[in-house]
Amino acid sequence: MGKLSSPADLEQCRDSLLRAIDPDRTRVRICMTGCRAYGAEEIRDAFSSEVARRGLESKVEIRETGCHGFCARAPVIAIDPSGIFYQQLTPADVPEIVSETIERQKIIERLTYPDPLTDKRIAQTKKIPFYEGQIQNVLKNCGTIDPRSIDQYIANGGYAALAKALHSMNPDEVVEEVKKSGLRGRGGAGFSTGMKWSFARSALGDTKYIICNADEGDPGAFMDRAVLEGDPHSVMEGMLIAAYAIGASAGYVYVRAEYPIAVEHLLIAVEQATNLGLLGPNILGSDFSFDLKIKEGAGAFVCGEETALMASIEGRRGTPRPRPPFPAQAGLWGKPTNINNVETYANVPSIILKGAPWYASMGTESSKGTKIFSLAGKINNTGLVEVPMGTTVREVIYKVGGGIPNNRPFKAVQMGGPSGGCVPAKHLELPIDYGSLESVGAIMGSGGMVVMDTKTCMVDIARFFLSFTQDESCGKCVPCRIGTKRMWEILTRITKGEGREDDIELLQEMGQMIKDASLCGLGQTSPNPVLSTIRHFRNEYDAHILDKHCPAGVCEALTYAPCENTCPCRVDAVGYVSAIAAGRYEEALALTRLNMPLAGVLGRVCNHPCESMCKRGDVDEPIAICSLKRFISDREMKRNKMPPPVFLEKIKQERVAVVGAGPAGLSAAYHLGRRGYQVTIYESLPVAGGMLRVGIPDFRLPAAVVEYDVGFVKQHNVEIQLNKTLGKDFTVEGLLKQGCKAVFLALGAHANQKLNIPGEDAEGVIPGIVYLRKVNLGEQVGRGQKVAVLGGGNVAIDAARTALRLGAKKVTILYRRTKDEMPALPEEIEEAEDEGIHIDYLVAPTRIVTQDGHVKRLECMRMELGDYDESGRRRPVPIKGSEFVVDVDTLIPAIGYMPDLSSLPSNDGFAAGSGNTLQADRVTLATRVPGVFAGGDLVTGPSMVVEAMAQGYRGAVSIDRYLKGKDLYKDRAYQPVLRIDIPKIEMEGELTAAAALRARMPQLGKKRRVRDFGEVNKGFTEKEAMREARRCLRCDLERKGE
Amino acid sequence: MNRKGEERMPETIDLARIEPILQRFGKERGALIPVLQEVQGIYGYLPKEALVRVSEAMKTPLSRIYGVVTFYAQFYLTPRGRHTVRVCRGTACHVRGGRSVLNVVKDSLDIEDGETTKDLQFSLETVACLGTCFLAPVMMVDRSYYGKLIPERVPSILEKFGQGGSRG
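Line order of the protein sequences matches chains A and B. The first sequence maps to residues 2 to 1043 in the working numbering. The second sequence maps to residues 570 to 737 in the working numbering.
Hint data in this document are derived by calculation from the structure and do not stem from the laboratory. Backbone N, C-alpha and C fix where the C-beta goes; we use that ideal spot for every residue, glycine too. One should not assume that every hint holds.
[Unchecked claim] Covered, in the sense of this in silico footprint (three residues per stretch, anywhere, with C-beta under 8 Å from a C-beta of chain B), are these stretches of chain A:
#1 37-44
#2 69-80
#3 221-228
#4 253-265
#5 300-307
[Said to hold, decoys possible] Derived lysine-lysine pairs resembling BS3-like cross-links, with alpha carbons at most 30 Å apart:
#6 A:Lys180 / A:Lys294
#7 B:Lys675 / A:Lys128
#8 A:Lys181 / A:Lys4
#9 A:Lys456 / B:Lys675
#10 A:Lys820 / A:Lys427
#11 B:Lys717 / A:Lys400
#12 B:Lys675 / A:Lys497
#13 A:Lys456 / B:Lys617
#14 A:Lys121 / B:Lys675
#15 A:Lys967 / A:Lys128
[Unchecked claim] For each label pair, taking beta carbons as the anchor points, the in silico distance ranges come out as:
#16 B:Glu618 / A:Leu57: 56 to 64 Å
#17 B:Asp679 / A:Pro326: 47 to 55 Å
#18 B:Ile719 / A:Pro1003: 26 to 34 Å
#19 B:Thr639 / A:Val479: 13 to 21 Å
#20 B:Gly683 / A:Val479: 42 to 50 Å
Bound-form chain A, shown alone (with noise of 0.2 Å):
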């Protein structure tokens, strides 16, 4: 094809290369760019030898393409035209590709997408949820057309719009069409481009430049280079359209060097221009002329500044000048220059072609049209996605992005790299644009977005992006280079535990210094990471100074081993799974009582935080840390061989009373009998262990571990007074006058929460923790038939299978929410359905209908998810007409409970808090009163058992300073008393494969479960214990210095 020399000729051209398809032919598009990681070049060569070997080039047109978005699921290629989508692909599936799914029209379930909402196989490609939510438009031809031919870009509609603009258009009218359109700069900074066009149009001077900013580095973003490497035409047209707006008449494409295959689809997408005179003198016939050069960066993150572009252009250091005067008046080589961004270039065309008002009815008020997101980090659809301006930052990660990894809750998304901020969870109702990211604190920057879960620690990330930015400084200007290494010699400080209180306000006060006097956005906007994770996770970085701690497990100095760290109680978990492996099972349960006396019961209910950071969860399934406790305890109770008791401290005279023998109250009591003191628990119920006892039935924890572990506990110069209420056989004033020299108060919660509906107190209704506990002290509850249980937490499961085990009939729960929001642990509701019991979701009880006293029926409404609370959940609403009738002879209501305070008057100088708690100091828990200290339910609500006695200890290590006259603030962070040294047990080799996956409790059977209060769970034998226990990855050995 000779060269264009005007529309007509570009028409034809276009015309005479749509006729030229064959409309038969299958066309099989692979995406060769990003995909060519993952083996696509080997995925080509199978289909071209596939396609030979069977005769079939004249019917298969095998298209080799740009990005198609999904990376998450590379390689990947689309079939025209029937729209599938094959992903994952190896070359052995290509040639079944070809006889089924070419040949025969077949589709081939494994290579199409699963959808893990619903788990079924989705085969079109625009039916996938990652596609759904998307409007491509800058993206339109990538995947689509083969990068390095111009002929599929002028047929797919290339170049029409620089027709359109040089024949159609003067110079000022393509200016406003675009000011008009409300496109604002992609690269970062929102410039409205039209407006910029405009100064340098009106800039004087004959010489002027066009310039595209490709120095796409930002980390985590990679949208230019997928437009670059995907469709550089449609870069390049909107430069020309620029340049022809502006005047210029040659211009640079600057793109980093990192990115080779964009710099070799840019110079063949030039080379292809110039030949048809879409590059060069009197393009398309006009008098417009136009001369493009492609320069390569060479590795500087500064060069994407564009004084320091044009610096670098011109054969400089890439160091930034101050502005004005601006590049429209004075840029390269002094002339008026107009600078933009990959993306912006490449929204030129389809804004000249469809018009201004197309572009501006998508998008919000401020910000208009569609953005491309790069998602990377802890999300599943990790890739591109172009959404339109307005969409919520909840829509881009979940419903095209697909959620979190494995589930984990979402913690923050870092928008905008390095010079950008984390919008955290309570903003995913955000919707993305400019002035609304700014508004929390973060940048829309190039658009990336990196996600981060649980797992992630935000001050390593506001040190990690400072070291980058630091790194990156080109050093000119003092702000720059010495504010970022100040603030990251701080934050490198707090990371390693050496944090110091007036840290934050000193990298506050930096930060905006170094906001306000930098020369460039480098240096500028290098404080936003540092300000927006200290806006939002001030908590993380209190804990880092304070506590010492790292809450996410990241900080290696600061982190001995994830499921150590996340114990609230700091039980060596790796140091007692470890003890097991080497079948060392007594050291392994003394390691444990170290921080927590109550082995067999954690064992078997606690809720196990530590296994949701184990680090083998990342690999299949964490350790099974809590049933390995159980084991060692279970053991030593098996064989009667409970150790004496050890005191750290000479046995003393000072007595102190603990008030609630829960597990509040034991461990503060253990900690402080072990360091010598006398104590006194006094317990209100006939039995000890608090909720343990009476809240948790038999099934799940029987009473005689309850009190073994209880009985171990009183080794320890520990006296348990029973049937001693407070306020009724004595109070905290008279414990206090007769000698004692500090009291714990650990009295709970269990205080019913009522429904507030009409009929509540009727014969029949029973609060679930009253009847869990008439059950566990043996009273009489009646033998329900036909009982209902509302609620969501392990206390109404535990009440509805005490029913079933009662004889109940039939058995339903109902629960206001969905599923995943149920508070009750997963394993408890899963055997609960197991046992036959019946859960409703989104159901709310109306009223309860009596009959003479006695509950009858219960009246209830089903409910559909409204909108987002302040909690982040969506609210229930009631769905008008959806009354409905359950029959019942029990109802029990176990919707919530809470401390009752009424032994603790405000006259006697107790305050209480929020839920009806008692109000105690963070750090000492101590309460108004002098000497009274408090902890567990009864200052925090209702939380885990594993929290309650990390509270206990808190208090006894309190209460021991108190008495030996010590601060109670000073160096509070936890200090280990030991570590055990074992090395690393390699699983044997005959077991490694099936060994590799986690141990299944061994249970009661079904049938047999429900016919008493056996203990459902059986626990591990000494084989199981120990291959599980060897399943651990060991990180406290995988520790490096920094």
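Here the structure of chain A is known, so what remains is to put chain B in place on it, guided by the hints.
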């Protein structure tokens, strides 16, 4: 690149090899960086003798050239290894365990970031972002990408390129 690894230090620099480059760019404005990139493409790094010649030909003071060479991360003044290992230290790779990958690479090759192995087989660099974030964590050896890495896979990848000099 002329690496066989037999002799440690490079042989005498044959400056004739860069004449065509200097000719081609001639008097082009702002050509210093592309010239340096092509010169480095010949020798694998920028020998001082070559820089002196470039300075003469482009009438640019050697000090200014030195300033440019030391500013940009891609230019090297010392000989490089036959294979370049680039470990990504971008955000996405960081969040997905890039640090452990880097540690294993450093251990396997027994060099730090920016260094070259004694036998001139490998040079190690970290890059702030390779733009393949969907494969995090990523490492490149020459032009090949290795993604979704776990530290255990690294030694076998390096072996493919003839790693065996340092402790494995």
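With respect to the beta-carbon atoms only, verify the hint that Ile719 of chain B and Pro1003 of chain A lie 26 to 34 Å apart.
-> Since the Cβ atoms of Ile719 of chain B and Pro1003 of chain A sit about 32 Å apart, the hinted range of 26 to 34 Å holds.
With respect to the beta-carbon atoms only, verify the hint that Asp679 of chain B and Pro326 of chain A lie 47 to 55 Å apart.
-> 51 Å, holds
Checking C-beta pairs, does the segment 253-265 of chain A have three or more residues closer than 8 Å to chain B?
-> With 4 residues closer than 8 Å to chain B, the segment 253-265 of chain A meets the three-residue bar; holds.
Distance restraint between Lys456 of chain A and Lys675 of chain B, which requires alpha-carbon spacing of 30 Å or less = With a Cα-Cα distance of about 25 Å, the restraint between Lys456 of chain A and Lys675 of chain B holds, given a limit of 30 Å.
How does the Cβ-Cβ distance of Thr639 of chain B and Val479 of chain A compare with 13 to 21 Å: does it lie in that range?
-> 20 Å, holds
Are there three or more residues in the segment 37-44 of chain A whose C-beta lies within less than 8 Å of some C-beta in chain B?
-> holds (count 3)
Decide if the proposed pair is consistent with the structure: Lys675 of chain B and Lys128 of chain A, CA atoms, cutoff 30 Å inclusive.
-> 45 Å, violated
Compare the distance between the alpha carbons of Lys675 of chain B and Lys497 of chain A with 30 Å, and conclude whether the hinted pair is satisfied.
-> 22 Å, holds
Between Lys456 of chain A and Lys617 of chain B, does the CA-CA distance stay at or below 30 Å?
-> Status violated; Cα separation ~48 Å.
Is the hinted pair Lys967 of chain A and Lys128 of chain A satisfied, with a Cα-Cα distance of at most 30 Å?
-> Violated. Lys967 of chain A to Lys128 of chain A sits at ~67 Å, over the 30 Å cutoff.
Within 30 Å, alpha carbon to alpha carbon, are Lys820 of chain A and Lys427 of chain A?
-> 22 Å, holds
Within a Cα-Cα threshold of 30 Å, do Lys717 of chain B and Lys400 of chain A meet the stated pairing?
-> Since the Cα atoms of Lys717 of chain B and Lys400 of chain A sit roughly 23 Å apart, the hinted pair holds (cutoff 30 Å).
Checked against the numbered hints given earlier, the structure breaks hints 7, 8, 13, 14, 15 and 20 and satisfies all the rest.
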